[in-house]
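K.L.:
Read top to bottom, the protein sequences are chains U and X. Whatever position you read off the first sequence (first residue = 1), add 1 for our numbering. Every letter in the second sequence is one number past the one before it in our numbering, and letter 142, counting from 1, is 135.
There's no promise every hint is true.
To be verified - Pair by pair, the computed Cβ-Cβ distance ranges are:
(1) X:Lys133 / U:Glu33: 47 to 55 Å
(2) X:Arg163 / U:Pro285: 37 to 45 Å
(3) U:Trp370 / X:Gln22: 22 to 30 Å
(4) X:Arg135 / U:Thr12: 28 to 36 Å
(5) U:Thr255 / X:Thr91: 12 to 20 Å
Stated by the list, open to error - Reference excerpt, derived from the structure (chain X facing chain U, CB under 7 Å, subset only):
(6) Leu28
(7) Tyr33
(8) Glu58
(9) Leu59
(10) Leu64
(11) Asp66
(12) Leu73
(13) Asn93
(14) Ile118
(15) Phe149
(16) Asp157
(17) Lys160
Worth flagging that the hints you see were computed from the coordinates, not collected in a lab. Where is the CB? At the ideal position from N, CA and C, for every residue including glycine.
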Amino acid sequence: MRVKSETVTETMMLNMGPSHPAMHGVIRIILELDGENVVDSDIEIGYLHRAFEKEAENATYNQVFPYTDRLNYVSPVINNVGYALAVEKLLGIEVTERCKYIRVIMSEISRICDHLTCVGASAMELGAMTAFLYMIKAREFLWELLEQVTGARLTIAYCRVGGVKADLPENFEQEVTERFVEVRKVLNEVHGLLTKNRIFVDRVDGVGVISKEDAISFAFTGPMLRACGIPYDVRRNHPYLTYDQIDFDVPTETTGDCYARYLVRMEEMEQSMRIVEQALRKMPEGPTNVDHAGRIMQPSEMVDAAKVGKTRDMKLVQLELSPNLEGSERQQHQQVNALAKNVVLPAKEDTYGNIEGLMNHFMLIMEGWGIRPPVGEVYQAVEGANGELGFYIVSDGTDKPYRVRVRPPCFAFTAAIPTMIKGGMVADVVPTFGSINMIAGELDR
Amino acid sequence: MSPEQQNNAQAQLPQVDGERPALGRLHQQFPEAILASHSYRGDDTISVAGDSLLPIMQFLRETPELSFETLMDLTAVDYLKMGKSPRFEVVYHLYSLTHNHRLRVKVPLPEDLPEVDSLTSLWKIADWYEREVWDMFGIKFRGHPDLRRLLMYEEFEGHPLRKDYPKSRRQPIVAQRT
């Protein structure tokens, strides 16, 4: 005969992270375990705290953009766009139609990259290495696309207050079409590898569940909230840029578990590609590349002419050009930047070609001048890859923001980890943590 | 609040219309507690007295026409360098999933007693938001169950987002905890 009641058990404390492969090195979960079951847990964050908000108070409005890249570093364009929209709202200016579409296209490509990383990495943590490699391959295709436009892969600082750094390159539409074919192929493969895979589904189905009520109480947004059955999407509920002119679905699931989040993310990637394709079709035409006499002038010709001082007629010439800083950019500049001289730096040939442009440039660069929004405060939300990414900016009328607050979407999810893993097994912590797509850059700021 | 200040607050009352239901309802329900309101760039904003924050938030959350179910954001601003008095402001951003509208609620707090009621009884996310604000600004939340630092470590001295905390200040590396 065995007397069970005399067996004394006690719970065990286990540190998961910060040095744990599934914790991405930036978070510590302190678990209280009863055997394999999670009784309670505490989260410690702040390992990647870089004082973003303090730094932003000491930088001019345009200097904040590189810092925003490092918030959600998997989809930096969306952070750029969110911050730019917030400052533009503060200033009361609107960017050009073409610029809006460019921002939409770039944001959606970034969103696909983000979802690819999230799904791929969380599948890898469950042992599905193949899916990870395929998805990173697809992400690489898209990052090359971003690189063609912005010149960088990760920390791109593409937006400016009142516009974007550069116009889309030539043949961009064709490149997108080709690369989307590849991405769709990868997504089909991953669907085949994971969606009905018994090993994968067993690990994620019914795991990390959060109820609708808790999700709202924890201020969930984005795919996490949509996996609970609430179709909240900033792009649909508070349309910004040109999302109100584009047809797309907001996918939802009802179960609120890791599997639902996986399905929502997979569908969202398809929707993002739909958005990009529509935006490319609807985008107003780019530069016409003819000057006042109807003649195309190469940028190299213009540079040569300027070198010998023949700048007199240049003011009127519309030039064809690489959208960067080599040579002329006035035509593209007008297409992608708002017509606000107190905000947007002039085109380079104006800066170097005439005194008004030089003065304009100088006024915007000088310390204490620059972009000076009126005293006030705004909150602007965009749909980040993880959910609502909000910027709350307070201006004191000087050229530096008085306060920049970021509302990071994954802050809410991380705060809810103890609720989601309570009562589950230790092994369930990994898929749950993978499915929230915690990005420490925006969590810790 | 002096009668003069009250008059000023009254003068800033917005028009009660269908487009801004939250502001109108709040003015009807809590005429005493509302210090000021504006809709700069389309963001409805209301300043309320700290002692009536909890009933106002409860009212905003539970009135069916308003139903602000989500506490989207909670932060603070230190107005030291703008010379505003009182020095601190705690800023709440509410969002209603049902009606798809937003509201910003602000609570001014004096420098000598930066304390406000905790909203942890209404929203679970308030727990972490308030810990972060305590960490960064040193604003205390009455009734918070566990007001620890969130981003900085326990041994950190001061509150880094206060305007009188110098950007370049360095603190010694702490010894490993045992």
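K.L.:
Next item in the hint list is Glu58 (chain X). Is there a CB on chain U closer than 7 Å to its CB?
P.N.:
18 Å, violated
K.L.:
Once the shortest beta carbon distance from Asp66 (chain X) to chain U is found, is it less than 7 Å?
P.N.:
4 Å, holds
K.L.:
Hint Leu64 (chain X) vs chain U: min CB-CB distance below 7 Å?
P.N.:
Holds. Min distance 6 Å.
K.L.:
Any CB of chain U closer than 7 Å to the CB of Lys160 (chain X)?
P.N.:
6 Å, holds
K.L.:
Taking the CB of Arg135 (chain X) and the CB of Thr12 (chain U), does the distance hold inside 28 to 36 Å?
P.N.:
32 Å, holds
K.L.:
With 7 Å as the cut and Cβ atoms as the points, is Leu28 (chain X) at the interface with chain U?
P.N.:
16 Å, violated
K.L.:
Per the hint of 37 to 45 Å, is the separation of the Cβ atoms of Arg163 (chain X) and Pro285 (chain U) within bounds?
P.N.:
About 51 Å separates the Cβ atoms of Arg163 (chain X) and Pro285 (chain U), which means 37 to 45 Å is violated.
K.L.:
So, as I understand it, the hint says Phe149 (chain X) touches chain U; can you test that by seeing if any CB pair is closer than 7 Å?
P.N.:
Check failed: Cβ of Phe149 (chain X) comes no nearer than 10 Å to chain U, outside 7 Å.
K.L.:
At a threshold of 7 Å, is the proposed contact between Asn93 (chain X) and chain U supported by beta-carbon distances?
P.N.:
For Asn93 (chain X), the interface hint holds, since the closest Cβ of chain U sits about 5 Å away, which is under 7 Å.
K.L.:
Would the hint on Tyr33 (chain X) be counted as holding, given a Cβ-Cβ threshold of 7 Å to chain U?
P.N.:
5 Å, holds
K.L.:
Tell me if Leu73 (chain X) is really an interface residue toward chain U, meaning its C-beta lies closer than 7 Å to one of theirs.
P.N.:
10 Å, violated
K.L.:
With respect to the beta-carbon atoms only, verify the hint that Thr255 (chain U) and Thr91 (chain X) lie 12 to 20 Å apart.
P.N.:
Distance hint for Thr255 (chain U), Thr91 (chain X) holds at roughly 18 Å.
In this structure, the hints that do not hold are numbers 1, 2, 3, 6, 8, 9, 12, 15 and 16, in rising order.
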